[in-house]
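Enquirer: Chains as they are written, first to last, in the working numbering: chain A, 1 to 160; chain B, 1 to 176.
In short, the hints are calculated from the structure, not lab data.
Note that the coordinates shown come from a computational prediction; the quantities given were computed from them, not determined experimentally.
The C-beta atom is built at its ideal place from N, Cα and C for all residues, glycine as well.
One or more of the hints may lead you astray.
Label pairs and their computed distance ranges (CB to CB) [said to hold, decoys possible]: (1) B:Lys164 x A:Arg131: 53 to 63 Å; (2) B:Leu168 x A:Asn51: 24 to 34 Å; (3) B:Gln77 x A:Met77: 19 to 29 Å.
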Amino acid sequence: MRSLKSLMLALLLAAAPLVHAGEAAPAADDPVLEKRVLKLSEELRCLVCQNQTIADSHADLAVDLKNQIREKLKQGMSDNEVKDYMVARYGDFVLYRPPVKATTWVLWFGPFALLVIGVVVLFAKLKSRARKVAAAAGLSEADHQRAQSLLSAEEKREGA
Amino acid sequence: MNRFLLPLGIFIVLVVFLGIGLNRNPREVPSPLIDKPAPAFQVPQLHEPAKTISQKDMLGKVWLFNVWASWCVSCRQEHPVLVELSKKNVVPIVGLNYKDGREDGMKWLQDWGNPYVLSAFDQDGRVGIDYGVYGVPETFVVDKSGTIRYKHIGPLTQDAVEKKLLPLVQELNAKS
C-alpha cells in the first residue's frame, strides 16, 4: 500500500513538467529568439502600466506587443528596427533609454548643468569669504591697540 | 532681508514646477502619428464580416476614427457624446471595435445606439497597435488626404468635442 502511494507520487512528480510544457511552449521553440524578445521587451515601456517594462507587465497590450516583437524578429528585423517600429507607433516614451536629441537635451544634460552651476556658486562663495577673512586680517597697529584697550576695559568691568 | 529673498525665490520656482507637474496627465502621451498618414488597414466590418473596410475608403473626407470596445468602461461614458455628435451629421465617425467579440460589440451598439457609419472589426488588436492605441477609448481626426491631424486619448467630453474637435473638423473641411 505504502509503496503504491510512493509510486503514484513519483508518477505525479514526473508528470508535472509535462503539464507545464504547454505554457512554456514558445520559449522552447527557439531559445535564441526568445532571449532577444526578452531583452527587447525589457527596454520598452508598457504604456498601460507606465512604470513597468513590457517584459514585466501582464497587461493585455504588453502581451500583444511581446508577440509583435517575436513576430517581427522572426521576419528578420534587427533589434533596432523593432525599436524604431515601436517608436513610430508609441513615441520615444516607450524607450526606457530615450535617444539624445534636441528635445531630450534637458533630460540628459540637465543634471550635469546643475552640477556645474553648483560648483561655480560654491567656489564663488568660498572666494568671497576668503576675501572677507583677508580684509579682517588687515588691521592697522592703531586698530589693534584700540581693540586691546576695549577688551581690557571689558575685562575690568566684568572683574568689578 | 536679502538673505531670505534667494531661498524664497528658489522655493517659489520649485512650487511652480511641481504645480505644473501635478496638473499634467501622465497618461496622455503625445502620439508620434500626428501629421503622418493614417496607418493602412483592411479588416472585416463588424456588422458584415464578408465586407472589409480600409482607411482608403475614407479618402477625400474629414473623418473621426474612434477606438472602442464593449468591455471598455470609459467607452460607455463617452458614448452619449458620440451619439449626439453623429446626429449633427457634420463628420462621419468610423469605429474601430478593438479586441472585442463580434456578438458583444454588435449587442453593445444595439443597446446604446450606433454613432458609427461603419465599424472595423479588429479582433487581434493589430490595427490598434499600428495606431499606437494603449488606452481605449481613443479618437483620431483624419483629414481629406488621409493624414492624422489630432488624437484624443480617453473618453470624449462634450467640452472637448465643441472646443477642439468640431472647430478642427471645420478648419480641415475648409481646406481643399
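Enquirer: Against the earlier hints, flag every one the structure doesn't satisfy and list their numbers going up.
Expert: The structure conflicts with hint 3 only, although it agrees with all the remaining ones.
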